[in-house]
Amino acid sequence: MITIVDYGLGNIQAFLNVYKRLNIPATRARTAAEIQAATKIILPGVGAFDQAMERLEQSGMREALDDAVLNRRVPVLGVCVGMQMLARSSDEGSRAGLGWIRGGVKQFASTGDARLPLPHMGWNDVRASEGNPLFSGLETDAKFYFLHSYYFQCDSATDVAALSNYGGRFGSAVSASNIHGVQFHPEKSHHFGIRLLKNFAEL
Amino acid sequence: MIKNGGLVKTVRFAEPKYVGDPINAVKIFNEKESDELIVLDIDATANGVEPNYKQIAHLAAECRMPLCYGGGIKTADQAQRIINFGVEKVAISSGAIENPPLITEIAKEIGNQSVVVVLDVRKRRGGEYSVWTHNGRNDTKRSPIELAQQAESLGAGEIVINSIDNDGVMQGYDLALAMELRKAVGLPMSVLGGAGSLADIGRLISTCGVVGAAAGSLFVFKGSYRAVLINYPGQEQKETLIRAALTP
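Chains as they are written, first to last, in our numbering: chain A, 1 to 203; chain B, 1001 to 1248.
Misleading hints may appear alongside valid ones.
[To be verified] With a straight-line Cα cutoff of 27 Å, these simulated DSSO-like cross-link-like pairs (lysine-lysine) come out:
(1) B:1183 <-> B:1003
(2) A:20 <-> B:1027
(3) A:198 <-> B:1027
[Unchecked claim] Pairwise CB distance ranges (calculated):
(4) B:1235 <-> A:168: 40 to 50 Å
(5) A:27 <-> B:1239: 35 to 45 Å
(6) B:1207 <-> A:168: 22 to 32 Å
(7) B:1228 <-> A:21: 21 to 31 Å
(8) A:70 <-> B:1228: 49 to 59 Å
(9) B:1234 <-> A:124: 16 to 26 Å
By construction, these hints were calculated from the structure, which means they are not laboratory data. Glycine is no exception: its CB is placed at the ideal position from the N, C-alpha and C atoms.
Work out the full structure: start from the sequences and follow the hints.
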């Protein structure tokens, strides 16, 4: 069962609706027991990094999530701030991240002559690394919706699953064995996002 | 625009014409793959009521594109509650003008990127612009430039400039207003009010460069009798339009 972590942030229902449309069973989890039953996990997230981490820590699901992802190796997909939470830390806050993928979260540089409007907001191209199953069957000009001012900087280039360009290239998706993250919002990205969520369900 | 729970479209902020059920409209815009939806409850502030959370949650769940909700938001808690339904952005207008620190408070809770300040603008007789609130009934006597710059410095993530004079008229955007604002603020900006054709959108983009082009009537009416028919340009049509507009 695809389990969407409901710790009070993010559009749980939008994911459930996409899976309902795809005829793929999905549910929300609010307790550790529900995480223990998961075979796929989606970690959504919106807003500020510290607030998201604090809410997750207080949800009572943190340990069950660590166990599912790190020991049982359940596939997990972090979305937006949910992706940034996979990192060890973020420039946006002072709390520790989940630390599941080696890297940190950085703010886009907004200095110099060509002032970069922040946040990076809107539809943008996503170039996936060849053979990444999350992006299988997607058009090469697939577009996804972004809304963020911080991005995931992987320690290792091999963990970068897709690149996008905003005043320079940045990693818009990460993958390391069973752990995945996307900076954009697949649940808000029309048929491109539906395809990606279907691919995740089929991993 | 939402009024009494139904979807309406106005002309110069008056004559609300019923367009249909909001959820049904969202479903059609899903199929049309619209870039983004802005839903503004035009009763909430004017009637002094809370946002209709039940309806917002329902809209957010149906919407497969980014959604911005505005109407009646006066506190950071309300904004947070709306974001937690999975709405990407909240729009504030009178709340931001009457109580500017609200912008910072909301931005702190939900992130700058999700705070949209909507400025409803009317042109005075003398030609200068003034921002109005409460659905066009209350003249703040403040200039849109000054309020936009204030919003930017207080942490807003986006500005929506809505021309009351051009609302629903479908004769083109107020390009002079758009240009003034574009020069005055660095934030992402969307322009609303007046689009009657895709060519109007082209003119806006060729005048202002990269800017959000928003429209109501254009996407819900068909023909000179304003028959309700939700429509939206296809991906290719949109890209051709934008490419042409950005080519010097």
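Do the hints match the structure? See the list:
Of the pairs offered as hints, the one joining residue 1183 of chain B and residue 1003 of chain B is violated, with about 34 Å between alpha carbons and a cut-off of 27 Å exceeded. Among the hinted pairs, residue 20 of chain A with residue 1027 of chain B is consistent with the structure: their alpha-carbon atoms are about 15 Å apart, no more than 27 Å. Our distance criterion of 27 Å between C-alpha atoms is met by residue 198 of chain A and residue 1027 of chain B, whose separation comes to about 20 Å. Roughly 26 Å separates the CB atoms of residue 1235 of chain B and residue 168 of chain A, a value that falls outside the hinted 40 to 50 Å.
Take residue 27 of chain A and residue 1239 of chain B: their Cβ atoms lie about 38 Å apart, and the range 35 to 45 Å holds. At roughly 28 Å, the beta carbons of residue 1207 of chain B and residue 168 of chain A sit within the given window of 22 to 32 Å. Restraint check, residue 1228 of chain B to residue 21 of chain A: a C-beta distance of roughly 26 Å satisfies the suggested window 21 to 31 Å. Here the CB-CB span from residue 70 of chain A to residue 1228 of chain B is close to 54 Å, well matched to the stated 49 to 59 Å.
The given range of 16 to 26 Å is respected by residue 1234 of chain B and residue 124 of chain A, whose C-beta atoms sit roughly 19 Å from each other.
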